[in-house]
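A.B. asks: All chains should be modelled from the sequences, with the hints used to inform the complete structure.
Going line by line, the protein sequences match chains A and B. Heads up: the first sequence is residues 7 to 331, going by the working numbering. Heads up: the second sequence is residues 7 to 331, going by the working numbering.
I should point out that these hints are in silico values taken from the structure, not numbers from a laboratory. The structure presented is a predicted model; accordingly, all values stated were derived computationally and were not measured. Any given hint might turn out to be false.
The list makes no distinction among identical chains, and a pair is therefore deemed to hold if it is satisfied within one copy or across any two copies.
In silico lysine to any residue, SDA-like type, Cα no more than 25 angstroms apart, as pairs [claimed, not checked]:
(1) K269 <-> S59
(2) K269 <-> G67
(3) K45 <-> D311
(4) K269 <-> G98
(5) K269 <-> G235
(6) K48 <-> A314
(7) K269 <-> R114
(8) K269 <-> E57
(9) K48 <-> M16
(10) K269 <-> T258
(11) K269 <-> R112
(12) K45 <-> R22
There are 2 protein chains.
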Amino acid sequence: MALREHTLMMRALAYREGQLQFREDEPTPVLQPGQALLKIRKAGLCHTDLELSRGYLGFSGVLGHEFVAEVVDGSPEWVGKRVAGEINVPCGTCDMCRHDVPSQCRNRTTVGIDRHPGAFADYLALDERCLHVLPDTISDDAAVFVEPLAAALHILEATHILPGHRVVLVGAGKLGLLMAQVVAQTGADLTVVSRRDSTQALLKRWGIASALLEDLPLAQADVVIESTGAADGFDGAMALVKPRGTMIMKSTFVGLTPANLTKAVIDEIRLIGSRCGPFDAAIRMLANGRIDTQSLIDARYPFADALAAFEHAQRPGALKVMLDF
Amino acid sequence: MALREHTLMMRALAYREGQLQFREDEPTPVLQPGQALLKIRKAGLCHTDLELSRGYLGFSGVLGHEFVAEVVDGSPEWVGKRVAGEINVPCGTCDMCRHDVPSQCRNRTTVGIDRHPGAFADYLALDERCLHVLPDTISDDAAVFVEPLAAALHILEATHILPGHRVVLVGAGKLGLLMAQVVAQTGADLTVVSRRDSTQALLKRWGIASALLEDLPLAQADVVIESTGAADGFDGAMALVKPRGTMIMKSTFVGLTPANLTKAVIDEIRLIGSRCGPFDAAIRMLANGRIDTQSLIDARYPFADALAAFEHAQRPGALKVMLDF
Numbered sequence: 007m008a009l010r011e012h013t014l015m016m017r018a019l020a021y022r023e024g025q026l027q028f029r030e031d032e033p034t035p036v037l038q039p040g041q042a043l044l045k046i047r048k049a050g051l052c053h054t055d056l057e058l059s060r061g062y063l064g065f066s067g068v069l070g071h072e073f074v075a076e077v078v079d080g081s082p083e084w085v086g087k088r089v090a091g092e093i094n095v096p097c098g099t100c101d102m103c104r105h106d107v108p109s110q111c112r113n114r115t116t117v118g119i120d121r122h123p124g125a126f127a128d129y130l131a132l133d134e135r136c137l138h139v140l141p142d143t144i145s146d147d148a149a150v151f152v153e154p155l156a157a158a159l160h161i162l163e164a165t166h167i168l169p170g171h172r173v174v175l176v177g178a179g180k181l182g183l184l185m186a187q188v189v190a191q192t193g194a195d196l197t198v199v200s201r202r203d204s205t206q207a208l209l210k211r212w213g214i215a216s217a218l219l220e221d222l223p224l225a226q227a228d229v230v231i232e233s234t235g236a237a238d239g240f241d242g243a244m245a246l247v248k249p250r251g252t253m254i255m256k257s258t259f260v261g262l263t264p265a266n267l268t269k270a271v272i273d274e275i276r277l278i279g280s281r282c283g284p285f286d287a288a289i290r291m292l293a294n295g296r297i298d299t300q301s302l303i304d305a306r307y308p309f310a311d312a313l314a315a316f317e318h319a320q321r322p323g324a325l326k327v328m329l330d331f
Numbered sequence: 007m008a009l010r011e012h013t014l015m016m017r018a019l020a021y022r023e024g025q026l027q028f029r030e031d032e033p034t035p036v037l038q039p040g041q042a043l044l045k046i047r048k049a050g051l052c053h054t055d056l057e058l059s060r061g062y063l064g065f066s067g068v069l070g071h072e073f074v075a076e077v078v079d080g081s082p083e084w085v086g087k088r089v090a091g092e093i094n095v096p097c098g099t100c101d102m103c104r105h106d107v108p109s110q111c112r113n114r115t116t117v118g119i120d121r122h123p124g125a126f127a128d129y130l131a132l133d134e135r136c137l138h139v140l141p142d143t144i145s146d147d148a149a150v151f152v153e154p155l156a157a158a159l160h161i162l163e164a165t166h167i168l169p170g171h172r173v174v175l176v177g178a179g180k181l182g183l184l185m186a187q188v189v190a191q192t193g194a195d196l197t198v199v200s201r202r203d204s205t206q207a208l209l210k211r212w213g214i215a216s217a218l219l220e221d222l223p224l225a226q227a228d229v230v231i232e233s234t235g236a237a238d239g240f241d242g243a244m245a246l247v248k249p250r251g252t253m254i255m256k257s258t259f260v261g262l263t264p265a266n267l268t269k270a271v272i273d274e275i276r277l278i279g280s281r282c283g284p285f286d287a288a289i290r291m292l293a294n295g296r297i298d299t300q301s302l303i304d305a306r307y308p309f310a311d312a313l314a315a316f317e318h319a320q321r322p323g324a325l326k327v328m329l330d331f
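C.D. replies: Here's what the structure looks like:
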C-alpha cells in the first residue's frame with residue numbers, strides 16, 4: 007500500500023506562527039531513504055505539547071510524539087507491522103551515537119518537538135531505526151503510553167533506587183503517575199505529593215501512599231522526583247532531599263528556575279536531569295500487565311476534534327487525552 | 007599547661023552585628039567535656055569567610071576555619087600535639103553520623119561558619135573527635151591547607167573521574183587551584199578557565215592547560231567543576247557539560263541562582279553539590295609532597311593586622327592570605 011495510493015493532503019494539528027491550527031490540507035509526507043510511512047492509529051497529548059504551544063523550544067510544525075501506528079510503506083519487513091516510535095531521530099555517527107546514547111545524539115531531530123514533524127496527523131514519515139514492533143498483548147490504548155513509560159523508566163537508569171530508600175514524587179500528573187507505578191515496583195518507601203482527591207484515590211487503589219507537600223518531613227528523602235512542570239516546584243521538592251540524597255529533575259518549561267543551589271552544595275545533593283528512556287523495557291512492562299494505563303485516560307476525542315482535545319488537556323488535573331484516528 | 011595559666015581574654019577577629027571587629031577582649035574559651043583547647047599557630051582566609059562577612063548563613067561570632075594549632079589543654083593523649091581540625095562538629099548519634107557521614111550531621115555546628123567559634127583567635131575549644139595529628143613533614147604553612155585540600159578531594163568522592171575524561175574547572179581561585187592539582191593527578195584531560203596571567207603561568211608550571219571560557223567548545227566536557235563563587239558562573243559552566251555529563255558545584259553564596267534547569271533535563275546532566283572532604287587523604291597528599299601549597303600563598307599578616315589581611319583577601323585574584331599568630 008504505497009503513499010501514491012493515498013490522497014496527497016492529510017489532516018494535522020500544527021503549531022505555527024504562534025497558533026495551534028487544525029489543518030486538512032497538510033501535505034502528506036514524502037518518504038526519505040530509511041524512513042517508513044506510518045498511518046497513525048491513536049495518539050496521546052503530553053505536557054510537552056502544551057509547553058510547545060507556549061513557545062518552548064521555538065517549535066513550529068505538526069505536534070505529537072506519543073502514538074501507535076501501522077506501517078503502510080517502507081521496507082518490506084516493516085510494512086503491516088503495528089509499531090511505537092522513538093522520538094529522537096539519531097544521526098548514527100556522532101560521539102553520543104557511537105557511545106550508545108542515540109537519544110542524546112548531537113544532531114538529532116525530535117518527533118513533534120524539534121525540527122521533525124509529529125504524530126498529530128494522519129501520516130508520519132519516521133526513520134525505521136526508531137520503530138518498535140508491539141506485541142498483540144498490548145492494546146492500542148496502552149501502546150500510546152510506551153513513550154512516556156520509557157521516560158518514566160529512565161529514573162531507574164539515572165539513579166539506583168534501593169528497596170530501603172525513601173522516595174518522594176512531587177507532581178502527580180500524567181507522567182508522574184507512570185513514574186509512581188515504576189518506582190513502587192522497586193520496593194522503595196514511596197510517597198506521592200498530591201492535593202487532588204481523585205489522584206489520591208487512584209494512588210490508594212495502587213497501594214501507593216500520598217501526602218500534602220507541607221506534611222512531609224524536610225530533608226529525609228533519599229530520592230525526590232520533581233515532576234511539577236513548573237519553575238516554582240524546584241525549591242519545595244529540594245527541601246525534601248536528605249543530605250547526600252538525589253533529586254531527579256523531570257520538569258521542562260520555558261524560562262529559568264530561581265534555584266537555591268547553595269543548599270545543594272551544603273547538603274551535597276545530586277540533581278539529575280532525566281528525559282527519555284528505554285522503549286524495550288516499557289514494552290515489556292506493558293506486555294506483562296505491570297502498569298495500569300487505563301486509569302490514566304481522562305478523555306477521548308476523534309482526531310477531527312483535536313483542538314477541543316487540546317483545550318481539555320489544559321484543564322487543571324487533566325490526565326491523558328487520547329486522539330482516535 | 008592548663009587554660010587557667012593563660013589570660014582570660016584573647017585576641018579574635020569576629021563578625022558581629024554586621025561588622026568585622028578585631029577584639030582584644032574576647033573571652034578565652036572554657037572547655038566543654040570532650041573538647042581540647044587549641045592554641046592557634048597559623049590560619050588562612052577562605053572565600054567563605056568573605057561570604058560570611060556579607061551575611062551568608064547569618065553567622066555571628068569569631069570567624070576562621072583553616073588553621074594549624076597546638077593542643078594546650080584536654081586529654082593527655084592530645085596535649086602537645088600539632089593538629090589540623092575538622093570543621094564539622096558532629097553529634098555522633100543522628101542518622102547521618104550513624105551512616106558514617108559526620109560532615110553532614112543533622113545537628114552539627116561548623117567551626118567559624120555556623121554556631122561555633124572559629125580559629126581567628128588565640129585559642130579555640132574544639133571537640134577532640136575533630137582533631138588530626140600532623141606529621142612533621144607537613145610545615146605549618148602547608149598544614150593550613152589541610153581543610154581546603156580535603157574539600158578539593160571531595161570531587162573524587164562525588165564523581166568518578168576517569169583518566170580518559172575531559173574535565174574543565176571554571177574558577178581558578180584559592181580552592182580552584184587546589185582542585186586543579188587534585189584532578190590533574192587522575193590523568194584526566196584537564197583545562198582550567200582563567201583570565202589571569204599569573205594564574206595561567208602557575209598552571210603552566212604545573213603542566214595544566216588553561217583557556218578562556220569563550221574559547222572552550224560547548225557541551226564537550228565529561229565533568230565540569232564550577233567554582234566561580236558567583237551565581238552568574240552557573241550557566242556558563244553548565245554550557246560546557248556534554249549530554250549525560252556531570253557538573254560539580256562548589257560555589258556557595260548568598261541568594262538564588264537563575265538556572266536553566268530545563269537544559270539539565272534535556273541533556274540529562276548530573277549536578278552534584280560538594281562541600282567537605284576527607285582530612286586523612288589531604289594529610290597524606292601534603293605529607294607526600296603531591297600538592298604545591300607554597301605557590302598559593304599570596305600574603306602573610308601578623309594576626310594583629312587581621313583586618314588588613316581581610317581587606318587584602320578581597321582583592322580580585324588574591325590567593326591565600328595567611329595569619330601568623
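A.B. asks: Evaluate each hint against the coordinates.
C.D. replies: We went through each hint and held it up to the structure:
1. K269 <-> S59: So K269 and S59 pass the 25 angstroms test across copies only (18 angstroms; inside, 34 angstroms).
2. K269 <-> G67: between (40 angstroms within a copy, 22 angstroms between copies)
3. K45 <-> D311: Within one copy only: 18 angstroms inside a chain, 80 angstroms across chains, cut-off 25 angstroms.
4. K269 <-> G98: between (40 angstroms within a copy, 22 angstroms between copies)
5. K269 <-> G235: Both: 21 angstroms inside a copy, 14 angstroms across copies.
6. K48 <-> A314: within (16 angstroms within a copy, 72 angstroms between copies)
7. K269 <-> R114: between (35 angstroms within a copy, 15 angstroms between copies)
8. K269 <-> E57: Close across copies (15 angstroms), not inside one copy (29 angstroms); limit 25 angstroms.
9. K48 <-> M16: within (15 angstroms within a copy, 79 angstroms between copies)
10. K269 <-> T258: both (22 angstroms within a copy, 8 angstroms between copies)
11. K269 <-> R112: Between copies only: 14 angstroms across, 32 angstroms inside.
12. K45 <-> R22: For K45 and R22, the Cα distance is within 25 angstroms only inside one copy (23 angstroms; across copies 72 angstroms).
The structure is consistent with each of the numbered hints, conforming to all of them.
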